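Engineer: Starting from the known structure of chain A, arrange chain B on it as the hints suggest.
Chain by chain, the residues run as shown.
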Amino acid sequence: MDLLAFFSDYTLRTVAMGAGLLGAVSGSLGTFALLRRRALLGDAMSHAALPGIALAFLITGSKAPLVILAGAAVAGWLGAWFVLQVTNLTRIKEDSALGLVLSVFFGFGLVLLTWIQKRPDASQAGLDKFLFGQAATLMEKDLLAMAALGVPALLLMLLFWKELKLLSFDPEFGNSLGFPMRRLDLLLTTLMVVAIVIGLQTVGVVLMSAMLVAPAAAARQWTDRLGVMVLLAAIFGAAGGMGGAVLSSSVRRLPTGPTIVLFMSAVVLLSLLVAPNRGLLWSWIRQLRSRRRLQLQAVLEDLHALSLQHENPFHPHRTAVLRAMSEGHGGADRSLEELESQGLTRRLGSDHWALTEAGAAEAVRSFGEKGGAP
Amino acid sequence: MSPAQVEIQLIAAVTAAACALPGVFLVLRRMAMMSDAISHSILLGIVLAFFATGDLTSPLLLVAAAATGLVTVALVELLGRTRLLKKDAAIGLVFPVLFSAGVILIARYAGDVHLDTDSVLLGELAFAPFNRFEMFGIDWGPVSLVVMIGALLANAVFLLFFYKEMKLSTFDPELAAALGFSPVFFHYTHMGLVSVTAVSAFDAVGSVLVVALMIGPPATAYLLTDRLPAMISLSVGIGVASSLAGYWLAHSIDASIAGSMAFMTGVAFLLAFFFAPGRGLAAISRRRRRQRLDFAGQMLAVHLLQHEGCPDERYESSMAQLEEHFRWDRGFAQQIVRIGMKRELMVQQEDCLQLTDSGRVLARAVVER
Numbered sequence: 004m005d006l007l008a009f010f011s012d013y014t015l016r017t018v019a020m021g022a023g024l025l026g027a028v029s030g031s032l033g034t035f036a037l038l039r040r041r042a043l044l045g046d047a048m049s050h051a052a053l054p055g056i057a058l059a060f061l062i063t064g065s066k067a068p069l070v071i072l073a074g075a076a077v078a079g080w081l082g083a084w085f086v087l088q089v090t091n092l093t094r095i096k097e098d099s100a101l102g103l104v105l106s107v108f109f110g111f112g113l114v115l116l117t118w119i120q121k122r123p124d125a126s127q128a129g130l131d132k133f134l135f136g137q138a139a140t141l142m143e144k145d146l147l148a149m150a151a152l153g154v155p156a157l158l159l160m161l162l163f164w165k166e167l168k169l170l171s172f173d174p175e176f177g178n179s180l181g182f183p184m185r186r187l188d189l190l191l192t193t194l195m196v197v198a199i200v201i202g203l204q205t206v207g208v209v210l211m212s213a214m215l216v217a218p219a220a221a222a223r224q225w226t227d228r229l230g231v232m233v234l235l236a237a238i239f240g241a242a243g244g245m246g247g248a249v250l251s252s253s254v255r256r257l258p259t260g261p262t263i264v265l266f267m268s269a270v271v272l273l274s275l276l277v278a279p280n281r282g283l284l285w286s287w288i289r290q291l292r293s294r295r296r297l298q299l300q301a302v303l304e305d306l307h308a309l310s311l312q313h314e315n316p317f318h319p320h321r322t323a324v325l326r327a328m329s330e331g332h333g334g335a336d337r338s339l340e341e342l343e344s345q346g347l348t349r350r351l352g353s354d355h356w357a358l359t360e361a362g363a364a365e366a367v368r369s370f371g372e373k374g375g376a377p
Numbered sequence: 003m004s005p006a007q008v009e010i011q012l013i014a015a016v017t018a019a020a021c022a023l024p025g026v027f028l029v030l031r032r033m034a035m036m037s038d039a040i041s042h043s044i045l046l047g048i049v050l051a052f053f054a055t056g057d058l059t060s061p062l063l064l065v066a067a068a069a070t071g072l073v074t075v076a077l078v079e080l081l082g083r084t085r086l087l088k089k090d091a092a093i094g095l096v097f098p099v100l101f102s103a104g105v106i107l108i109a110r111y112a113g114d115v116h117l118d119t120d121s122v123l124l125g126e127l128a129f130a131p132f133n134r135f136e137m138f139g140i141d142w143g144p145v146s147l148v149v150m151i152g153a154l155l156a157n158a159v160f161l162l163f164f165y166k167e168m169k170l171s172t173f174d175p176e177l178a179a180a181l182g183f184s185p186v187f188f189h190y191t192h193m194g195l196v197s198v199t200a201v202s203a204f205d206a207v208g209s210v211l212v213v214a215l216m217i218g219p220p221a222t223a224y225l226l227t228d229r230l231p232a233m234i235s236l237s238v239g240i241g242v243a244s245s246l247a248g249y250w251l252a253h254s255i256d257a258s259i260a261g262s263m264a265f266m267t268g269v270a271f272l273l274a275f276f277f278a279p280g281r282g283l284a285a286i287s288r289r290r291r292r293q294r295l296d297f298a299g300q301m302l303a304v305h306l307l308q309h310e311g312c313p314d315e316r317y318e319s320s321m322a323q324l325e326e327h328f329r330w331d332r333g334f335a336q337q338i339v340r341i342g343m344k345r346e347l348m349v350q351q352e353d354c355l356q357l358t359d360s361g362r363v364l365a366r367a368v369v370e371r
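Protein sequence lines correspond, in order, to chains A and B. Using the working numbering, read the first sequence as starting at 4 and increasing by one per residue. Using the working numbering, read the second sequence as starting at 3 and increasing by one per residue.
So that you can see chain A by itself, here it is in the shape it has in the complex (with noise of 0.2 angstroms):
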């Protein structure tokens, strides 16, 4: 897709605004709710949110795009409730509240979409596309509740910065320097619902949970530092959603939530295996090097053993033994070959091996006198 048409097709340009708006503002909040391990509540919230879309029409009959996302966050915010409330009062874990929420909630809400469907005054069509988004269908007003919705939301999170910081690591602390947690907490939830509300046109109920997740995880691969982490989550969910919104309103049957969650679960994975420090596969290459190390190791110590036997340390041994020896831990020839490369041991004809003075010095160092350890 070219430069040229995106800047001036006015859908396209619609549509990748509010996909990047509501990427940026679930990345950012996303983030502490990851941080405060509340990603499963956040599917829970966004299921819960669809009776309220449709109670929302049903009441004012209006599509208004406030009308309609005021509804699903008072629903999404209940749904929240409503698993506080069991989990605190009955010995139901948070799990299987999430679970009941989510699905009872979704089910009320399917009761009532259909409900709607079947009715004679039918200027309803289009609710559906809550469950899994439609960009496409995205219009100026739409942006514009979007944006009533998301900015005032992140600048609650710039102000409360310090308290949510608290609150997501060590809220405990907090409690003990006398703030108010528990309404801090709430504040949070209602974050979240923003976020999630704001996302449900374009992305859809069933998997609006994953753009609060999947940024959020990616970017802590890449820092430690809270302030550096939101800033990544909300560039990453700005770049996901746009790309995925932008792909699917320009290829014919590309639903757009899911295009969205794909391209922000690559982000993923690339975060998981590159990011430096903690990436997957930096892991995998220092476990490589210390195993090869601790190989060398091993066979240097065989060999000092060996010339321990010996009046002469320099004594020739058979590649033979080395190789029983060195059972368990494996590739004894490629090890002499690359201790012979270090100057450490040498070759003599086809089938022998001794250390040098060097090889000889190190082993002392490394296994003292007598062998062993040090």
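Simulated from the structure, these hints should not be mistaken for lab results. Treat the hints loosely; a few may be bogus.
As the list claims (entries may be wrong) - Listed below are the simulated DSS-like cross-link pairs for lysine-lysine, each with C-alpha atoms no more than 27 angstroms apart in a straight line: (1) B:K169 with A:K96; (2) A:K96 with B:K88; (3) B:K166 with B:K88; (4) A:K66 with A:K144.
As the list claims (entries may be wrong) - Restraint ranges, calculated between C-beta atoms of paired labels, are given here: (5) B:R85 with A:L291: 46 to 56 angstroms; (6) A:T193 with B:A285: 25 to 35 angstroms; (7) A:Y13 with B:P175: 55 to 65 angstroms; (8) A:W287 with B:A285: 29 to 39 angstroms.
Model, not experiment: these values are computed from the prediction. All C-beta atoms, glycine included, are put in the ideal place defined by N, C-alpha and C.
Structural biologist: What follows is chain B alone, placed relative to chain A:
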């Protein structure tokens, strides 16, 4: 009732029972959200197997979907083991990816066949009776019903054989491991059963509502009993009852059957949440109230005992002083005194309170405690 209606209700009831059995252990093992992850991601398995066979009724779909469920579990655990992500985040990342892949494949390549994204989420129980299972020239009933009975049997047989092991590895996994029952084996078998049940129920009720049937009734039963056998049978009973109630709700307002079944499991839970004997909100608040009254009565008895025979007895044991000393309002003070006299702990003479013998015994016991 027409035969189709009977069949729909049969399917609903069998589905609810089949979901409740593994659901009990999901709730007890704190893995409820795993069922959400599994029920979403099996879609990818179904789609891939459908592309491979080109046949929506192929049993291979079941196998592939169950395998995808296990892959989901393994992926979540793998991600968790890297320690780069917490477990909840791992669940929240894995199933959206697999589900998205499935939805995109359907939307792009299978949009024209019966497999469409809406029925994935919602299921369509109303059409289930039209799809008949015929073998040896006999009509055995709707395919969904046969499949669900199979899933129910699989779950029941597993529980029958491994009840003791499941119970032990659920309540005391360390002991189970020490005794030589492999927790990993039971974990994965359980997850496999959850997957198989979810796939079978998928057609009828859709992916999200499978979660309602797996979690709702067991969570409700958990509020009603402390015994595992009772919890299992209650879960099945509640599941069947809410699915039948859901059917009739949907029938009367012409809405999604699966949705109203899920809604009804929620109603059942709410009823238990408020009215469960001993554990419901009503019982809790009744108990708290009684404890408050008991405690106040005991304090009053101790107070009277303390001042018995002292020069200020008349003053300290007056009703007005109770309001001052305990900061009780008048109504509460009168209530406490009324209860105390009814239990014959104290008597009132003019405006003063005096302990009876049994009141003194109680007060001493409280002080010594």
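Engineer: A separate judgement is required for each hint: does it hold in the structure or not?
Structural biologist: Taking the hints in turn, this is what the structure says about them:
1. Between K169 of chain B and K96 of chain A, the direct Cα distance comes to roughly 18 angstroms. Compliance with the 27 angstroms bound is thereby established for this hinted pair.
2. Taking the CA atoms of K96 of chain A and K88 of chain B, the gap is near 18 angstroms; set against the 27 angstroms cutoff, the hint holds.
3. The straight-line distance between the Cα atoms of K166 of chain B and K88 of chain B is roughly 31 angstroms, outside the 27 angstroms bound, and the hint therefore fails.
4. Annotation: proposed proximity of K66 of chain A to K144 of chain A holds, straight-line Cα distance about 11 angstroms (limit 27 angstroms).
5. For the hinted restraint 46 to 56 angstroms between R85 of chain B and L291 of chain A, the CB-CB distance of approximately 19 angstroms leaves it violated.
6. Between T193 of chain A and A285 of chain B the Cβ separation comes to about 32 angstroms, which falls inside the hinted range of 25 to 35 angstroms.
7. Y13 of chain A and P175 of chain B have their C-beta atoms about 59 angstroms apart, which keeps the hinted 55 to 65 angstroms range intact.
8. A hinted range of 29 to 39 angstroms for the beta carbons of W287 of chain A and A285 of chain B is inconsistent with their spacing of about 56 angstroms.
In this structure, the earlier hints numbered 3, 5, 8 are contradicted, and the remaining ones agree with it.
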